[in-house]
Amino acid sequence: DAEITQSPRHKITETGRQVTLACHQTWNHNNMFWYRQDLGHGLRLIHYSYGVQDTNKGEVSDGYSVSRSNTEDLPLTLESAASSQTSVYFCASSLTGNTQYFGPGTRLTVL
Amino acid sequence: GENVEQHPSTLSVQEGDSAVIKCTYSDSASNYFPWYKQELGKGPQLIIDIRSNVGEKKDQRIAVTLNKTAKHFSLHITETQPEDSAVYFCAATRGNTPLVFGKGTRLSVIA
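Protein chains in written order, with this note's numbering: chain A, 1 to 111; chain B, 1001 to 1111.
Hints are computed from structural coordinates only; laboratory data are not their basis. All C-beta atoms, glycine included, are put in the ideal place defined by N, C-alpha and C. This list has only true hints and no planted wrong ones.
Calculated pairs, DSBU-like style, for lysine-lysine (alpha carbon to alpha carbon, straight line, at most 30 Å): (1) A:K57 <-> B:K1037; (2) B:K1022 <-> B:K1068; (3) B:K1037 <-> B:K1071; (4) B:K1037 <-> B:K1022; (5) A:K57 <-> B:K1042; (6) B:K1042 <-> B:K1058; (7) B:K1042 <-> A:K11; (8) A:K57 <-> B:K1071; (9) A:K57 <-> B:K1022; (10) B:K1037 <-> A:K11; (11) A:K57 <-> B:K1068; (12) B:K1103 <-> B:K1057; (13) B:K1057 <-> B:K1071; (14) A:K57 <-> B:K1103; (15) B:K1042 <-> B:K1103; (16) B:K1057 <-> B:K1037; (17) B:K1071 <-> B:K1103; (18) B:K1068 <-> B:K1037; (19) B:K1022 <-> B:K1057; (20) B:K1037 <-> B:K1103; (21) B:K1042 <-> B:K1022; (22) A:K11 <-> B:K1103; (23) B:K1022 <-> B:K1103; (24) B:K1058 <-> B:K1071; (25) B:K1037 <-> B:K1058.
Chain B side only, calculated, beta carbon under 8 Å to chain A, not exhaustive: (26) L1046; (27) F1089; (28) G1104.
Negatives, chain B to chain A, calculated, CB over 12 Å: (29) L1011; (30) V1054; (31) G1055; (32) Q1060; (33) K1071; (34) S1074; (35) P1082; (36) V1109.
With the sequences and hints as input, model every part of the structure.
See the structure below:
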């Protein structure tokens, strides 16, 4: 079955380290998104991509970067992790104008 | 840009009663309004959606209504069951832009 996966599911890291969260989808969706979820803030968009080599900043993009070298993957990189980036991160994908499907999430703790 | 407000933030109902969650949006050009359900430890899952050319849509115990003039849409759950307990998110988009989410409603169904 087609699906969207995230890895790792849990990650503990230290302030200042570079961290990369993986997102992989097998639906051949052209659109992919990264959100963070924090209590009281709902889902906030970090970065998104509408196709290979396309990336766009979302509402809370500072300190994060993405690259899209193929259709299936959109890795999210925290260049220098900060405690404020402790959160649950969700990846999603969709076809243009249609439903977004979410991954199971990655819980990141920055100490 | 789009702004989505969601109310209430928490809602408790007795099993068998109805639950209503309301959202307002700011961009009159928004034309797609999905609702997601998020269970503990999981990613959000689409439960129902509505497009701007339709005023109401039903799927078994769940319905969504849309008032384009007032720019608000609502989720109605009838005959609530304990398994309906979750966090619900509304969202809005023009279709060629990322979804903008409300901050969520935590629904508790008391047996």
